[in-house]
Amino acid sequence: MLRAKRDSLGGAASRAIPSLGDVEGRMMILELIALTALTRLIGLHDVGERGDLMKAMRHAIDRKCHDARLCGTDTESAEKYAEGLLACAQEQAIDLEKTRKHAC
1 MLRAKRDSLG GAASRAIPSL GDVEGRMMIL ELIALTALTR LIGLHDVGER GDLMKAMRHA
61 IDRKCHDARL CGTDTESAEK YAEGLLACAQ EQAIDLEKTR KHAC
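In our numbering, the protein residues as written are 1 to 104.
Treat the hints with care, as some may be off.
To be verified - Pairs of lysine-lysine, PhoX-like flavour, derived with a Cα cap of 25 Å:
no.	residue 1	residue 2
1	Lys55	Lys98
2	Lys64	Lys80
3	Lys80	Lys101
No lab work stands behind these hints: they were computed from the structure.
My request is simple: use the sequences and hints to build the entire structure.
Here it is as structure tokens:
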């Protein structure tokens with residue numbers, strides 16, 4: 001909906017819909033935060049607990065997609081994205097653990 005006051009402001013304040021670059025920037029930051037947090041979380045657990053943690057996260061992702069009533073292709077896409085993010089976090093946690101062991 002157009003609003004005279006907002007539309008007369010000019011610049012970013014006048015945009016009703018964020019730009020694609022704005023959305024991509026926010027997604028990049030959210031992904032970076034998620035990856036960093038997951039890496040540290042996975043790194044805190046021993047090898048046996050990591051499997052349980054990963055399984056719990058995958059189950060939560062499946063449940064959240066189901067609860068959101070995503071269509072089949074959207075659910076698959078979200079799950080593949082999550083799998084990639086989890087795999088990357090796990091690799092980084094393993095690399096971080098190796099670095100810590102070599103430093104000692």
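**Message:** Name the hints, by number, that the structure is in violation of.
**Reply:** 3
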